[in-house]
Amino acid sequence: MVNDALRTVRLSVLDRSLIREGEGADEALRATVRFARDVEALGYHRFWVSEHHGVPGVAGSAPTVLAAAVASATTRVRVGTGGVMLPNHRPLVVAEQFGVLESLFPGRIDMGLGRSVGFTGAVRRALGAGKEAAERFGDDLAELLDWFTGDGARGVRAMPSQGLRVPVFVLATGSGARFAAEHGLPLVIAPARGEEPMLDAVGAYRAAFRPSARAPEPYRRPYVVVSVSAAVGATAAEAEAMQASEAWATVVSRTRGVFPPLEPPGKVLGRRMTERERTLFAEARGSQVHGTGQEVAAALTGLAERSGADELLLTLNAHDHGLRLDSYRRLARLAGLSPAGR
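So in the numbering used here, spot 292 of the sequence shown is number 283, and the numbers just go up one at a time.
A few of these clues could be false.
As the list claims (entries may be wrong) - Computed beta-carbon distance windows for the label pairs:
id : residue 1 : residue 2 : range
1  : -4        : 267       : 34 to 40 Å
2  : 84        : 299       : 31 to 37 Å
3  : 246       : 330       : 42 to 48 Å
Derived by calculation from the structure, the hints in this document are not laboratory data. Since the model is a prediction, treat every value here as computed from it, not as a measurement. Glycine is no exception: its CB is placed at the ideal position from the N, C-alpha and C atoms.
Build out the structure end to end from the sequences listed, making use of the hints.
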């Protein structure tokens, strides 16, 4: 049964290329490309990949390279990054990379940008981008946008980016929402620290939004993408178990400083956790949405209505690839998606 309320918001997918226990990074990356083809067939609007460095449980370290592979394997779904971490790169190089992508796959590329730096000091040193690099985000963003205008003010022409109109999205890490508003760009935000802070940030973004002539439609007005982990199962228990693996990996990253490959949910749920681990596990699950189809549809439409979201960016890092795809298939049916997209 189609949920009419869910049909009013675009549905997209974020895949972070997480590694499963017993798999290698190569298998995780190939799984991302296969998953993108499946998502396209189900009718989702866009498919994004992410950037993480030096993380044992994450294979997605080069998002523009992976986006090229995804775009090559698909024909309709929009492909982008959620996101490229601008402090790690020179704006000219990012402009050139997305210029190449847009030139090869015209009208299908999104440039999602974040301001996070490496998780550890060793990673930051290897990247040559310390914590202070995040403070340059506003300046780097402005420079990156200028490379697409082709004004040649620096005596360099960004090729083949000059004159291209690639939609730019800003991830709301730290002051990201402010920069999105100042430049008239779409905002990507998650209720990671609770829904109320997210709603406050969205309200401030809308109030401060300044339209940009360089933004393509429909992004010349405030445009909000809410990212959320959602699992739909045949039963509520099945759906809840699907998200246990990532929640436990988050606990490990908080207590031991490393995000590991995903363990099977049975192994996670059978573990005797310390009191601190139980607390962190509950916190990690606090922003997750799970249940049967109608339960998840109600939760997602409620979130979209409260935030005024134009789009939901859905992520699910279940240990079992088949169950993950089945979850997205169930949600696509509820939303009335079709292979033609909407």
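These are the hints, each one checked on the structure:
no., hint, result
1, -4 - 267: 34 to 40 Å, "holds (39 Å)"
2, 84 - 299: 31 to 37 Å, "holds (35 Å)"
3, 246 - 330: 42 to 48 Å, "holds (43 Å)"
Checked against the numbered hints listed earlier, the structure breaks none of them; every hint is satisfied.
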